[in-house]
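S.K.: The lines below spell out each chain.
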Amino acid sequence: MSPAFATLLVVLVTLVLMRIPIPFAMICAGFVYLWVGGQDMGLVVDQVMNSLFSSYVLLAVPMFILAANMMNAGTISERLWRAADAMVGRARGGLGHVNVLVSIVFSSMSGSAVADAAGPGMMSIRMMQKVGGYPGGLAVAITAASAVIAPIIPPSIPMVLYALNSNTSVGALFLGGIVPGLLMGLALMLTIAIIAPRMGLPASEAMSGAEIRRALIAAVLPMTLPMILLGGIWSGIFTPTEAAAVGAIWAFLLSAVVYRALDLKGLWQVLRVSMQNATVVMLLIAGAFLINYAVTAERLDRALADLILSRNLSPWMFLLIVNLVFLALGCLIDTGTLILVFVPLLMPAVAALGIDPVHFGVLITVNIMIGLVTPPFGLLLFVLGGLSRVGMGDTVRYLWPFLIALVLCLGVITYVPAVVLALPHAFGF
Amino acid sequence: MARILLTLLAGARVVRRLSEVAATLGFGALAGLLAYTVWQRYVMGTPSSWSDEFAMILFLWLIFGAAALVVPYRDQIAVGLLVDTVPAPWRRWLEVLGAALAGAILLATLPVTMDYIAFLWRERTPALRWRLNHVYLIFALFQGLIALGLLLRALIGLIGRATPFDDPAPANIEDWIE
Chain A
1 MSPAFATLLV VLVTLVLMRI PIPFAMICAG FVYLWVGGQD MGLVVDQVMN SLFSSYVLLA
61 VPMFILAANM MNAGTISERL WRAADAMVGR ARGGLGHVNV LVSIVFSSMS GSAVADAAGP
121 GMMSIRMMQK VGGYPGGLAV AITAASAVIA PIIPPSIPMV LYALNSNTSV GALFLGGIVP
181 GLLMGLALML TIAIIAPRMG LPASEAMSGA EIRRALIAAV LPMTLPMILL GGIWSGIFTP
241 TEAAAVGAIW AFLLSAVVYR ALDLKGLWQV LRVSMQNATV VMLLIAGAFL INYAVTAERL
301 DRALADLILS RNLSPWMFLL IVNLVFLALG CLIDTGTLIL VFVPLLMPAV AALGIDPVHF
361 GVLITVNIMI GLVTPPFGLL LFVLGGLSRV GMGDTVRYLW PFLIALVLCL GVITYVPAVV
421 LALPHAFGF
Chain B
1 MARILLTLLA GARVVRRLSE VAATLGFGAL AGLLAYTVWQ RYVMGTPSSW SDEFAMILFL
61 WLIFGAAALV VPYRDQIAVG LLVDTVPAPW RRWLEVLGAA LAGAILLATL PVTMDYIAFL
121 WRERTPALRW RLNHVYLIFA LFQGLIALGL LLRALIGLIG RATPFDDPAP ANIEDWIE
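Going down the list, the protein sequences come from chains A and B.
Counting from 1, one number per residue, gives the positions in the first sequence under our numbering.
Counting from 1, one number per residue, gives the positions in the second sequence under our numbering.
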């Protein structure tokens, strides 16, 4: 490690610990790295602006954010909830199952766990507490655990970021996430089925045949959104960016024109919030380009690969270590930083060990998402706890069975690559 | 002195509000531009050569413009691992020191950034043929505004006041002054 890179690390860690926003800290560290290394500091502009300007796929990120916020504002979550209630609500612990099913369906329209948690997730918490009499902590725990599925089932913002760094096909990653996402949903529903009799969790009220039909029909139009989004990408009609834009426009048409649930004021709010969300994410990406430049210039990724190969680590052991390290990091560091800064370090080692980059991309996304619900720093726990005014302690008490279920899924996804790769291979990726 | 400060803060609020309106409209235009690109390519069969590039340029200006002028400092991604665990006076000093250090680095390197951007005047974007120094100018504006904001934050923290525009923001600017 050169003195320049050591200085970069010192400046970055110092500023981050002093609560300077991570993107600002990355840009400062980038300037200092170039200065100490005797390079032209103008390279900061070159790396940030040229990298962003040439990454057209990144435009998909703000459009996925816009589509999710548009759906949250346009009663689409409520329609999905009623349809899911009609399908699985009658089982013991019915509202818990409904919560998970809504998350799975919403996942196919949104690429962000936080959007899932703040939209259908908050609605689920309200319904579980008011209608089902669930303890607040349990409602938040189920919602947080099920929101983890959002970036696994496509579309997925973290997978777009991973694709950018690993030269992997976004379409292949999206296909690779489907089975793992469904597996996680199934595991959560099984967990609810096990705990429901012990905790006396009720079933939903019975619906008549006509009510069930109405609820299912009301969800038909929203379900066209994933068809447009994902069908467009996989059939090769749209690029991910175009599909995301079409998805956002379609969500707008459904919310504003078909359901008339979005007036001009609501639309303005959605655009304003989406713009701010997108800015925060994109600025992080801009900063990460600088750190990646330093890592590549120092050949640290190659050095790490050589170290791993020299220790004769098997792929099995490598993935075990990666999982343990990222589960720990995921509790402390934000998703974007992990994918944009830490994952690129591992890519040469992944290639050298013969691990499929699509498999690695999906498992690392699952891993980092589990970090979002791992106490005591999991972001989703803070978001949902803050919005629903349920204490962290209450949530954590009920969270463990769901966390264990998710970690078991991660084990299966890690050591049975076919779970991830079967679909991409079937589609010719 | 207080009157001047009040006027400056009121002016800053107006600028921030106007920037927010512009960025929100810009974000809507970005979605529209991408939809137009798809429409031209798949419906009209005449791919637009300029809209992809214009969307990308708009996107760059939105990110850096909104980050500098619209997004509240507290909404940026930050880690409170250390700061949140120390007593309040220590917290304040750590934040002041961090803001001063980051602000100083960004301000000191601003001339290099401006010089590099100015150097790009010969280069043009592939489709619209816009000068690259104009397109990339937003990065210098971003860097300058963030540097000033951080230094101001450090200064205000030094005299022990709450920073205006932070969440929760004071109800009135006068509350901040008082």
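A hint or two may mislead.
Sample of chain A residues facing chain B (criterion: CB under 8 Å; computed from the structure) [stated by the list, open to error]: (1) R19; (2) A25; (3) Q39; (4) M63; (5) M282; (6) A328; (7) L329; (8) L332.
Keep in mind that the hints were calculated from the coordinates and are not lab data.
Think of the CB as a built atom: it goes at the ideal place given N, C-alpha and C, for glycine as much as any other residue.
S.K.: Is the interface hint for M282(A) satisfied, with its Cβ closer than 8 Å to some Cβ of chain B?
M.R.: At about 5 Å, which falls below the 8 Å cut-off, the nearest Cβ of chain B leaves the hint on M282(A) intact, so it holds.
S.K.: At a threshold of 8 Å, is the proposed contact between L332(A) and chain B supported by beta-carbon distances?
M.R.: At about 7 Å, which falls below the 8 Å cut-off, the nearest Cβ of chain B leaves the hint on L332(A) intact, so it holds.
S.K.: Verify the interface restraint on A25(A): the C-beta must sit less than 8 Å from at least one C-beta of chain B.
M.R.: 7 Å, holds
S.K.: Given L329(A) as an interface hint, is the shortest Cβ-Cβ distance to chain B below 8 Å?
M.R.: 12 Å, violated
S.K.: So, A328(A) near chain B? Judge it on the closest CB pair being under 8 Å.
M.R.: 13 Å, violated
S.K.: Next item in the hint list is Q39(A). Is there a CB on chain B closer than 8 Å to its CB?
M.R.: For Q39(A), the interface hint is violated, since the closest Cβ of chain B sits about 11 Å away, which is over 8 Å.
S.K.: Have a go at the M63(A) hint: is there a Cβ in chain B nearer than 8 Å to its own Cβ?
M.R.: 7 Å, holds
S.K.: With a cut-off of 8 Å on the beta carbons, see whether R19(A) makes it to chain B.
M.R.: It holds, given that the least Cβ distance between R19(A) and chain B is near 4 Å, below 8 Å.
Violation of the numbered hints given earlier is confined to hints 3, 6, 7; the remaining hints are satisfied by the structure.
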